[in-house]
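Engineer: With the hints as constraints, model all of the structure from the sequences given.
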Amino acid sequence: MSTIVLLLITGLGLGAIYFLVSSGLSLIYGLMGVLNFAHGVFLSFGAFLGWEVASRVGATSWGGFALSLVVGALAGAAFAALTERFLVQRLYNRHIEQVLVTVGLALAVVALFDGIWGTDPTFVRGPGWLDQTTTVLGARVPNDRFVSIVVAVLVLLAIVLFLKRTRFGMIIRAGVENRSMVTALGIDVRSAFTLVFTIGGAAAGLGGVLASHYFGYVSPVLGQTLLIFAFIVTVIGGLGSLTGAAIASVLVALLQQFANYYLSGTGDFAVVVLLAVVLLTRPSGLMGRKAL
Amino acid sequence: MTTAEPVLTVRGLSARAGGQQVVEHVDLDVAATGVTALLGRNGVGKTSTIKAIMGLVERTGEVTLAGKRIDGLEPHRVARLGVGYVPEDREVFSALTVTENLRIAERPGVEHRYDLVYEVFPELKERGGQAAGTLSGGQQQMVALGRVLINDNAVLLIDEPTKGLSPRLVQEVGRVLATAAEVAPVLLVEQNLKVVRDLARDVVVLTGGRSVHHGDAREFLEDDRLTQRFLGVHGGEGESA
Amino acid sequence: PSESDDSGEGDNGSAGGDAGSETAAAGGEPTETVKVGIIYSETGPLAAYGAQYKAGLEAGIDYATEGTGVINGKEIEITYRDDTGNQDTAIAAAKDLIGQEYQILGGTIVSGIAMAMAEQAEQNEILYISGPAAVDGLTGINDYTFRSGRQSLQDVATAGSFLEGDSQKVVVFAQDNAFGQGNLAAVDAILGAQGAEVSSVLVPEDATEFTPFATQLVDADPDMIFVAWAGASSANMWQSLEQQQVFDVAPVVTGLGDSVTFDAYGPVAEHISFLNHYFPGAPDNEINDTMVAAIEEAGETPDLFSPDGFVAGQMIVQAVAEGDDVDGMIAALEGWTFDGPKGEYTIRESDHALIQDMYTAKLVADGDSWVPELIDVVPGADVAPPEATGK
Amino acid sequence: MTFDRSTVIRTGGGILLVVLMACLPLLNITIPGILPGPTYQPGALHMLALAMLMSAVALSYHLLLGVAGLLSFGHALYFGAGVYGLGIVLRQWDIPLLPAMGLTMVIVIVLAHVFGAISLRVTGIPFAMVTLAFAQAGSVLARRDPGKLTGGEEGLSLNTANVPDWLVGVSDTRNVYWLALVALVLTYLLVLWVQSCRAGHVAEATRENELRVRVLGMQPYAVKLVIFVAAATIAGGVGMIYLLLQSSAVPHAVSADFTISLLLMVVLGGVGSRWGAIAGAVVYVVLTQRLAVLASSDWIRDLPAVLRIPLSEPMFILGTLFVLVVMFVPGGIAGAAGKVTGRRHDSEEDDAPITDVVAEP
Amino acid sequence: MTDVGGAADSSPNPTTAGTDPGAGTPALEVRGVGLQIGGARILQDISFQVGSGRIVGVIGPNGAGKTTLFNLISGVRPPTEGTIHLHGRDITGSSVTQRARAGLGRTFQTSSLFPGLSVLENVRLASQAEQGGALSLVRFPRAGDDATGRARELLQEVGLGRRLRHRAGDLPHGDKRKLEIAMLLATDSSVVLLDEPMAGVASGDVPALTDIIARLHRDHGRTVLMVEHHMEVLLGLVQEVAVLHFGTLLAMDTPEAVMADPTVQSAYLGETV
Ligand SMILES: Nc1ncnc2c1ncn2[C@@H]1O[C@H](COP(=O)(O)OP(=O)(O)OP(=O)(O)O)[C@@H](O)[C@H]1O
Ligand SMILES: Nc1ncnc2c1ncn2[C@@H]1O[C@H](COP(=O)(O)OP(=O)(O)OP(=O)(O)O)[C@@H](O)[C@H]1O
Ligand SMILES: [Mg+2]
Ligand SMILES: [Mg+2]
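Protein chains in written order, with my numbering: chain W, 1 to 292; chain F, 293 to 533; chain C, 534 to 924; chain X, 925 to 1285; chain V, 1286 to 1558.
Keep in mind the hints are simulated off the structure, nothing from the lab.
Glycine included, every Cβ here is placed at the ideal spot set by N, Cα and C.
There could be a bad hint or two in this list.
To spell it out: a stretch of chain X is covered by chain V in this simulated footprint if at least three of its residues, at any positions, have a beta carbon under 8 Å from a beta carbon of chain V; those stretches are [unchecked claim]:
{"#": "1", "region": "1123-1129"}
{"#": "2", "region": "1141-1154"}
Each computed DSS-like pair below joins lysine-lysine, with the alpha-carbon atoms no more than 30 Å apart [said to hold, decoys possible]:
{"#": "3", "chain 1": "C", "residue 1": "Lys-568", "chain 2": "C", "residue 2": "Lys-702"}
{"#": "4", "chain 1": "C", "residue 1": "Lys-568", "chain 2": "C", "residue 2": "Lys-607"}
{"#": "5", "chain 1": "F", "residue 1": "Lys-360", "chain 2": "W", "residue 2": "Lys-164"}
{"#": "6", "chain 1": "X", "residue 1": "Lys-1072", "chain 2": "C", "residue 2": "Lys-702"}
Structural biologist: And the structure:
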């Protein structure tokens, strides 16, 4: 019983991190049709800068932790915004080339991070409370999992509210549907695209800081490793669907967790099988073709 | 042609769409007041001409709005200079509500005339919360027109507003166009010659991506030889072809 | 244990190539030069280990040739090649060197590369002295292959010194991969033979969540827990063990890695019992002091794999000094007993296992960081691996 | 078949190049900065053989991307299946090399049919994702060492018991070199064949307009599957030679990284061009090998950190180069070369054999 | 309406839709076909027959469902109700490919070609599709073979003989239309659907294209169903006209009768009441 509770809650924690990565991917794909291979790089960058700052102001203090979250999100956002402006935007509507450009960027930047931070993992610490556990129904659940879940839910709500309630959100939803009409109304839709990249990058950066606490380290390849699962999540959830991404994140993380524990480490295979099944039965994913 | 300075002039416009030349050489003037009709058979490039003015397709040539060259500008800049665009297939944002569809069209720095829009289309107020995708074709056309009426425009480009509408709606849209033409000059693409006859003062006729006739609307429609040649119909019958 | 080297994590796909060569300083009047190729991780995921190995090697050659780089009139010329942690690159470099008639190759931290190099050595009949790679399969693999480091079985045997009394219950906590399974087999072979009851909790290699597995450890109620873990996830793993209060159950034994890993254990470090291959303060002899001084003088830091390089240097010099062809070199090394940084070493004639002392240690807090402290020296003979039959 | 002059020149040039390549091991040519040593030495031959094998895999990827327009992120799976398949067959059973290769081929073909049939149910980006996921599963499998078959991270070394002596050992590198040359020439001819046969033409048509192909009464799905299997089979075949060259199978051969490097080669060379694929692969191999040397050179070490760090990472330079090519040289090497020589003029007469306009090298 | 007399050469026609004037089974029969998309009725209860060897026009306002009807007939999307028969065989459940093999060819409202391939290659693919063996790895299309020869001939016939090596995507619009018809001719399909073949064709090109379509019917003996807004052309070509309006079949009759029908006049020709 307590094992199941432990697997459930820690699975949700992992799902939260998957969601933070895939929400941005999904938004970007939905709006621009770009499959962003560089998204993992945003995550690693957020995690590295978050840690650099936290370790300077005191990693084990709550202030340091909060600051690292903010810095991580900002770093991811800034990196994403630059990527959009200088690379993706110039290949307007050439989707295959846009994908290729992000592939190249990912290769180059991971190598750059290797050069800057080294290939060895950089170990990360947080406030002591994060490492402690809370007992839920007999299971000692590490506290950082709860933090991930709360942050992911907040991000989900924030993005949904942003898309629903703000003018920019409105423009983005309209742009998903008919980009040239938005332009014809006098709106520079490109800044909306940059904004979507920025939001995606911020979520990824935030996810990066939380992932570094979840895994206990940051390394240049951390983001790319998570990216493959984020891709799978995005495809299962339905490219472009935020709620789809949320549901699929939880589904994939739980499946992976339980299969790893009960089916002798077959978690990754189970996820691939799930992907194949979903694509064969619902090629556009669980919630395909919806903006929200 | 009117004697007053035209608000919009187009010279030697050509445009490409989907990799092919769809507009080859178009000259036209939009008079400072009233409706100028852009006529021609299906597929001669009317829509493409309008899109080229907006900058929505790749184009070359000269486009001048109130003395200012706009052919190098991106679509959103053209729009911000006061060019209102009602596309051929309405292109409302189906996932957004009616109100959101209007709000997204608000252009910064100009007054937003919701009262005018709600006055001519009271239905849009009633259905404010409905997703635009669930509206009937006619209602969607109201949204599309409402989106431009809300701003103060220098010129309106309206592409086949009566397409696929029932006769009753056609009349209603005709009435709205008359209202719209009072606040801003209009370049109107229209297949329904009855609507053209009622509204237009000047006509420009396209054939095969070229402008081949400019003139007074009434004279053109009266001239069977011309309508037969350019539109394949007897103008007098007021039919679409 | 975690200092092992098998990781191969972060294989970043380059097929990078042959590095620039450096020539050891010459002295005396050499009559001929002997070309030695060292293939090791100059860059790539194991570059830090590579640096330790290289610094040790240079110190070792210097020590054995008294700073001349020349022995018996033969000048030793070393060419370094970067394997980038990548097997393909290593093989390409090896073929290139063998093609240029190199008779002695050495190096590598990656077990997979070491195994492939051993294969090349046999196919092409050259001498190969492997680096820190701990893979047991190398011992007794063929006549041409030697090692300058220790092997996993020696680590495990060292862990056995934490067991008191008979018929104890040992649980191996490891990743379910070649490395983890190898360690489990080693524990079973060595501690099982000493009468311990060995079981295991194997964690799937790609699992990211270790807490449920940690609770299994608690439920097993062992007398000793042997942790064999490599790679970046170790910090997370230790934290999970602590969170599930595994340290309250039984002593937890693992291998002590190089100094940068000390922080990875976090606050649990003081609860762990370490077996250890080497840290600079462990041995107490002159050669060690010389090596440490030489490495520090070269601007490097002595660490876990320094003696592997140093001993490799000593072995190369011995082979060059005593042998004129490959067979002669093999004869010169087989059964050779010599003094090195960890005290007395013996190259076992039958399978080329390198018998050497091992250590047990603990980490103690020193301000903000952790430093190792020697508990005991475990004599080489006590932890000698069983003789391999392969060769 | 009628030949026009440029076809004759190109065919002649190709044959000459092959003959030259075949003679290299007998010559003493040094190309400083590109080859690690003179061409008769194993080091240079090994690198050249590697470049030729990579060219061959890139050619098979060209079938997918350039001909059929399929953006696959899982092509490494079939290359890896060839590498590991032969390695495992030779290790598990005591059968001679040729039958072992035949058996591996059968395995690869079956595998390609199964995964191809599933992946091709979707198109575009989802196709890319599914192939990525399958290849990922394959790479996890190789690393996991199921049933002690693949050797896990450490890989699987070639069991030479049943490999003829003339292919084993450094002194025989030139035999493996010639084998690689044969593999490349064979692959080129195979790809040329597939491109010029009916299925190849229909595949190109499918890439252009799938609905049109159906309206003409042909089955795009089946055609794409044929190309997919053909590309996978070639990749598997080259994989087997690769195993002989490298003497070991490592998880990298099945990784997404490997597929991405294929993508890199084909895009660098110019999508849709056979010679481009080869040129891209050669450039890639040379760059990965030589950039590593550059990275450790002294003048880089003396640079300030802002320059030193990026320049000492070969993948950074390659990735950046790739981005630049995608953005500014859309036709890759082949496109740029074509522009320089101005070869692709439109001719109004049509007596020349009809080759498709896009996928011509 | 002008030029109604242009269709005078058409044979005497039945007065009710659905009666086959010729003997035997109709080439194409549509029975009670309807289509709903998400609650919207795009087409409802369409029934008609096209006799073998006849040429029939389809007219109707924009959005009436003409293209959609062609999509249902050619299998691009399945109808939600009703059945479709080709030469008496029920093809409702068949795929696009199967229908094409059974002899159904079509063009698209916006040209649908292989834009990156040469003009000749486009037609050759079509003429080879007829021979089967699309998957063959051992058949090589060559300059001198039957398919290529036939493709050349057809391109000559439609007036593209000098453009064989052009990239199809770079052709001017009118030539694309001609190319599409050449592809159609190459497939030997017995029933062809033409969706607005004149759309976007410059007026100078119209007579040539009209002639090609006339020959398609007259010389090649194809059964033709064509959507066309260009009334002049249509009335000069067809023997019967079907009128679609808001997804229903309003009438199907001789051009003269249709043009005279007041309902049609108000629905399509736009005379508001
Ligand atoms: N994206 C595109 N791709 C290919 N062809 C296009 C594209 N856009 C327009 N065309 C072609 O360009 C020509 C002109 O189109 P346009 O829509 O401007 O005509 P129009 O006069 O507005 O016709 P209609 O009366 O049907 O609205 C048509 O033949 C059309 O098929
Ligand atoms: N997938 C779809 N979803 C919703 N509505 C659709 C869909 N496809 C077609 N329609 C609608 O069905 C109606 C019929 O469209 P269709 O293209 O058949 O018209 P048409 O008669 O060919 O018109 P045109 O002369 O403009 O080509 C239109 O109102 C169109 O908007
Ligand atoms: Mg139009
Ligand atoms: Mg239509």
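Engineer: Does C:Lys-702 lie within 30 Å of X:Lys-1072 when you go C-alpha to C-alpha?
Structural biologist: Given pair X:Lys-1072, C:Lys-702 holds - Cα atoms ~27 Å apart, limit 30 Å.
Engineer: Would the pair F:Lys-360 and W:Lys-164 pass a check requiring their Cα atoms to be no farther apart than 30 Å?
Structural biologist: Distance of about 38 Å is beyond 30 Å: violated.
Engineer: Within 30 Å, alpha carbon to alpha carbon, are C:Lys-568 and C:Lys-607?
Structural biologist: holds (10 Å)
Engineer: For a C-alpha distance cap of 30 Å, please report whether C:Lys-568 and C:Lys-702 respect it.
Structural biologist: violated (51 Å)
Engineer: How about the region 1123-1129 of chain X: do at least three of its residues have a C-beta closer than 8 Å to a C-beta of chain V?
Structural biologist: Three-residue rule met by the region 1123-1129 of chain X, so holds; n is 5.
Engineer: Count residues of the region 1141-1154 of chain X with a Cβ under 8 Å from any Cβ of chain V, then say if the count reaches three.
Structural biologist: With 7 residues closer than 8 Å to chain V, the region 1141-1154 of chain X meets the three-residue bar; holds.
Hint compliance for this structure: hints 3, 5 are not met, and every other hint is.
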